[in-house]
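J.: What follows is the residue order along each chain.
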Amino acid sequence: MTTTPTISLVGVSKGFGSTIALDHVDAAFAPGINGLLGPNGAGKTTMLRILATVLPADQGRLDVLGVDPTTGDGRLSVRRRLGYLPQEPGFHRQFSAFDFVDYVAILKEWADRKTRHDEVRRVLGLVDLDSVMHKRIGQLSGGMRRRVGIAQALIGRPDLLVLDEPTAGLDPEQRLRFRELLGTEASGATVLLSTHQTDDVAALCHNVVVLLSGQVRYTGTPAGLAALAEGRVWLAADRDLRAELAWITGEGRVRHIGDPPAGAQLVEPTVEDGYLVLAGHQAHAAPLAS
Amino acid sequence: MTDRTWHASTEQLHGFANHSELMEQTTAASLEAHLVGCDACRRGLAEAADPVTIASSWEALTDRIDQPRRSMVERALVRLGARSGWARLVAATPGLRASGFAGIALVAAAAVAMARGIGAEGPFLVAAPLVPLAAVAVSFRPGADPIGEASVATPMHGMGLVLRRAVAILTVSFALLGVAALALPDLDLEAAAWVLPALALSVGAIALSTWIRLETAVAVLGGGWLMTLTAIWWLAGRDVVAVHSQSFVLATQLTALAVGVVAMAVVGARRDRLATLEAFR
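Same order as they appear, the protein sequences are chains A and B.
Heads up: the first sequence at position 265 corresponds to 265 in our numbering, and the numbers run straight through without jumps.
If you want our numbering, it's the 1-based position in the second sequence plus 290.
Treat the hints loosely; a few may be bogus.
Per the computed footprint, the stretches of chain B lying under chain A, defined by three or more beta-carbons under 8 Å from a beta-carbon of chain A, are [claimed, not checked]:
#: 1; region: 369 to 381
#: 2; region: 407 to 421
#: 3; region: 428 to 437
Simulated from the structure, these hints should not be mistaken for laboratory data.
Ideal Cβ placement from N, Cα and C applies to all residues, glycine included.
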């Protein structure tokens with residue numbers, strides 16, 4: 001799917017003291033699901049915070065949904081069309097799931113109580129939390145809390161969904177449900193999600209951006225990312241020390257990435273392989289979840 | 291025990307289904323008990339019920355169940371005319387909890403007790419401006435919003451919300467301090483000399499937090515206030531009278547007024563930072 005970008009960043013930089021989180025980043029995102037991959041500290045969260053108007057960029061140009069979010073009016077316009085799930089949402093212990101989502105809905109200018117409550121029930125239903133919506137958040141499991149966070153982001157069917165590691169803490173069944181949910185609820189919207197789950201990227205995203213040390217190292221399709229490892233992934237019974245990266249698979253064999261020896265049993269690369277070829281030892285230091 | 295040989299009339303079922311609140315209470319309760327054990331009457335009730343009335347009753351019931359519990363502060367704000375949405379957002383401020391009120395009352399009472407102990411209002415005038423400053427620190431500290439970072443990306447987050455919360459906190463602090471001040475040994479105009487410094491320190495902390503961490507801003511201003519008073523007392527030969535002199539009180543008020551005005555201007559000029567994570571770090 002290739003359509004006109006709804007979000008663009010040109011030369012965007014952001015630093016915190018002496019640390020450069022984003023270094024002259026150029027990127028564009030079109031409607032559909034866009035994935036953001038990178039090891040911890042690569043700048044993913046900073047980029048998402050900037051696009052969600054939570055942090056200003058130090059320099060560069062931004063266009064989000066046709067407006068400049070660095071101006072007061074532009075920021076307000078973006079926020080009215082935005083759903084945002086931070087990496088670590090704050091959860092007031094005394095709030096129930098309903099109270100939490102209702103509070104966000106008030107902040108999103110849902111003034112009419114009846115309409116607001118209907119919307120709160122709808123989004124909590126989407127994440128299968130109807131039965132526990134009146135339980136205090138402190139009593140919910142980590143996965144349930146994550147789903148409460150996802151629910152608040154879906155209020156009002158936003159045109160832009162910014163989701164920072166939405167599947168962290170979800171079990172496989174919940175992740176599948178989340179993928180289905182994005183397919184239906186975010187139809188037509190521009191979705192940006194950062195994740196360490198490369199299989200989420202392969203299953204969901206039409207476009208993926210890989211960030212390393214605050215710079216964009218890849219932009220394209222997940223298939224294109226996987227293709228970067230074409231001819232560089234092989235399986236063997238024992239570990240080959242010449243490989244750049246190697247790990248034991250569930251079947252007990254060793255999967256290698258690097259320059260294959262003659263006669264190596266090459267295998268079809270995955271998105272994770274392509275990402276590891278790009279990220280190399282940075283990713284090895286902060287391994288991807290399996 | 292339900293009498294199975296008796297069945298409710300169509301009129302009774304219609305009345306029960308659609309206007310049960312108008313039915314005589316004992317009759318409605320008896321009918322309800324009978325319906326539990328009588329299939330025929332339950333079928334009759336289903337036919338008599340108006341689907342629209344049932345749907346609206348159900349919606350009213352779920353809405354009542356789903357209505358979040360309102361805190362005392364939220365109820366008070368609504369009674370004072372605040373819109374319910376704003377009342378909820380303001381009431382969620384940490385400084386507006388019972389523990390916060392108790393803390394303010396305790397410090398105010400201790401300062402009054404010290405003032406009465408030495409027979410002069412000095413200790414109260416020194417401590418009172420620090421109380422609203424502490425309330426600001428508690429209310430706007432990082433993570434103070436009940437939903438954290440998610441709130442920052444919403445349309446209502448920004449200077450409007452910050453100011454409403456600040457006004458609420460300062461109103462409560464000033465009211466409690468004002469009541470405490472009534473117990474000072476000399477109840478004269480000088481007993482209100484804490485008001486302007488308190489405003490200047492509180493708004494100054496909000497303004498400074500657009501540059502530096504809130505804790506640092508509060509420490510700088512609170513520490514600065516105490517150090518200034520101590521220095522003046524020291525320079526005057528440790529004479530408490532100097533700190534209470536008319537010229538000193540006037541100078542303090544004028545300085546506080548100037549600081550307050552500048553702080554307000556800074557808050558207005560740097561309102562963009564109040565709308566992002568750049569403030570109240």
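J.: Look at each hint and say if it fits the structure.
T.: Against the structure, the hints:
Under a criterion of three residues with beta carbons nearer than 8 Å to beta carbons of chain A, the stated coverage of the region 369 to 381 of chain B is upheld, 5 such residues being counted. Using a Cβ-Cβ cut-off of 8 Å, 0 residues of the region 407 to 421 of chain B lie near chain A, which falls short of the minimum of three, so the contact claim is violated. Beta-carbon proximity to chain A at under 8 Å applies to 4 residues in the region 428 to 437 of chain B; the threshold of 3 is reached and the given coverage holds.
Checked against the numbered hints listed earlier, the structure breaks hint 2 alone; every other hint is satisfied.
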